[in-house]
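**Student:** Protein chains in written order, with the numbering used here: chain G, 1 to 189; chain C, 1 to 552.
Derived by calculation from the structure, the hints in this document are not laboratory data. Take the hints with a grain of salt, since some may be wrong.
[Claimed, not checked] Computed far set for chain C versus chain G, every beta-carbon distance over 10 Å:
| id | residue |
| --- | --- |
| 1 | H168 |
| 2 | L358 |
| 3 | K515 |
[Unchecked claim] The calculated label-pair distances, taken between Cβ atoms and stated as ranges, are:
| id | chain 1 | residue 1 | chain 2 | residue 2 | range |
| --- | --- | --- | --- | --- | --- |
| 4 | G | E186 | C | V508 | 32 to 42 Å |
| 5 | G | K59 | C | E152 | 34 to 44 Å |
| 6 | G | K115 | C | Q115 | 53 to 63 Å |
Yeah, the Cβ is synthetic: ideal placement off N, Cα and C, and Gly gets one too.
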Amino acid sequence: MTKKTFNIVISGTGGQGLITLLQILAEAALIEGYDVKTSELHGLSQRGGSVEAHLRFGKKIYSPLVSLGSADLILSLEMLESLRVIHYANPKTIFLINKYLFSFPGSPPEKEVIKKINRVIKGKKYVVPAYQICKKELGKEVVGGIYLLGYASFKKIIPLKPNSISKAILKIVPKRYLELNKKAFELAK
Amino acid sequence: MKKILLGNEAIVQGALEAGVDFVSTYPGTPASEIGNTFARIAKKHNIYFEFSTNEKVALEAAVGASFSGLKCLVAMKHFGLNVASDALLPFCYTGTKGPTVIIVADDPSCWSSGQSEQNSRAYAYLAHIPMLEPSDAQEAKDFTKLAFKISEKFKIPVIVRTTTRVAHQRMPVQLSEIRKQKIENRKKGRFVKDVKRFVTMPPRVLEMKEELLKKIEKIREFAEKSPISKLSRDRASTKLGIITSGVSYLYVKEVLEELKLDLPVLKLGFFYPLPEKKVKNFIKNLKQVLIIEELEPYLEKEVKILAKEVNCNLKVYGKDFLPQIGELKTEIVTQAIGRLINKKLKIENSLKIENWKLKIPKRFPRLCPDCPYWFVFSAIKKAAPKGTIFGGDIGCYMLAGFPPHNIQDYLFCMGSSIGIGHGIKKSSKQKLIALIGDSTFFHAGIPALINTVYNKSNPLIIVMDNRITAMTGHQPYPGMGETGMGEATQEIKIEDIVKACGVKNLKVIDPINVKELQSTIKRFLKKKEVSVIVARRICVLWERRRKRRKKT
């Protein structure tokens, strides 16, 4: 890692499993010997609403929150929600976005969202159909987030080794879902 | 060994390391995971744990256990302390026998709270109760342990006040040993009669107050020596210093490190009693001091008073540069410090695109698919005549206030849909439907229901019974036949209580029968006396979870 800290903002909608991703990443950072802090929100407003979680790791971390314009990576499980956290980005921020739109009354059509993403995010971005891939290969959309973690790690978007994230998955994911999650992670190789 | 813990889990760890015997709580975000964790592990650690009916009852249970000599922890969200406050003040007068720690979680920015943006630090002044403010998960654990020590040493309950960003912050936490109690050795308390100590009758109560105030001065001396209030750097710089506490400290450190600024910082672990000598020493040679605290400027006021004694030329800044509304963050602290050192500070080069420019429509939280409340809301909308007033209360059914439902005309605190509904019905002829959840009904709805009967008003009350305390993450409550430790217990039926309160118009309906629900609403809205519908259908998520639990 060249920078002192690595800042991640994860966004999506309540129920997509953001907190699990946060726990896995935090554990992986600890495995690699980093200091790490996360911040998340619980409760009613998270139910199907917009959610963002923060994670920072490095030599020594104080604030659990990523400051405006200081995200190294924005990981979004939903396209519209990637735009909603854009104020954490700077021109160097990498975006890893699940090509998935959870529409609601009044939400713009997918085409328009993609157009906006392409117009606004001029730096590095990966728009990956993680849900589609996981649905096709594993029969379950829900592990799309884990697939994206694999994607970020194998493609070196996150400075955490695949091996550390694998170990973290083993620690965090409940036994009965472990096989499925491991597969989703490896699928991104 | 280090383990990544959520702030709330770290509090549980601290209580276990301190050897807690008795834990009580009522769930509320951002404190809920404390109870959830104890519910899971209490048996294994041979601790008594309960979800109490409400926070006042939870605190009273702990008072009883403390008087019987047990080590107690009580956890609640900030509003819970309002409910518990009636028991809190006399508890400070009597003091503890078994050490007792109260965890109170505030929620600046109201991420998971309606009602108000409460700053519970004011209770320290009101009740004369020592209050510690941790900044992170490690301190949440350490301060909980220290709070037990203070309580043991000075025989007084102690509050550990967290905020959302502490309670829901994860970090690697250094663990210590938990001395396991053997099942058969579980500490049994014993109440030893001591009228002088436990009875707060006048004139004794005034003596108690005097004893309490003396105690607080002794604790202040302890706070002066305690390492939890610390100078982060003993700089010679006298131009500008910073005083801060709680999570704000983390933002201050972040800014100073990032911008390589060398300013002296006094971090206060004790909010009350304030280590005044420490503060005086810190400010006496400064020209300016910036107080960085969230919400109301309590510390700022304290420092202004102390400055008059030791440094009357000192410029004390705080809310001049910092908001009184909403939580702080690094950016806000950067700007405040920047203004005082006359520099425009910027941490990073932001994309400078605000959400509003992108015109992203708001995504409202919504009821889960298949939630039984969908049926209730739909029946209400169909059955209620135009102009009907809809009273909201605290629970998932607050979503009634969002589209597509839009049936919430007032929302206050636990139980108030009925209490306020009564007042409106006494004042106006308009029709009124008050919604209240099952757990909320037990918590604070019953006295209000009795009031409607006794004082003769006629709202229609719909108890939204989904068989669990759903919003805070599925905690058991008195209506579902299971205790916080997973033991079977008497199921207290809401309809039995309603009947016993003298309500004549009562019907229990599965809301999936929308037609029946609609016609009952219509019929009951015409009644001259109060009427109650118990709309009973299990929360879908809870049902799924329960089935999974049964399988394994």
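**Student:** Does each hint fit the structure? Answer for all of them.
**Tutor:** Here is what the structure says about each hint:
1. Its closest Cβ contact with chain G, about 5 Å, brings H168/C to no more than 10 Å, contrary to its assignment away from the interface.
2. Annotated as non-interface, L358/C brings its C-beta within 10 Å of a C-beta of chain G; the closest such distance is 5 Å.
3. Here K515/C stays apart from chain G, with its beta-carbon at least about 26 Å from theirs, past the 10 Å limit.
4. In this structure, E186/G and V508/C break the distance hint of 32 to 42 Å, their C-beta atoms being roughly 51 Å apart.
5. In this structure the hint that K59/G and E152/C lie 34 to 44 Å apart at CB holds, the actual value being about 37 Å.
6. With their beta carbons about 41 Å apart, K115/G and Q115/C fall outside the hinted range of 53 to 63 Å.
Violated hints, listed in ascending order, are 1, 2, 4, 6; each of the other numbered hints is respected by the structure.
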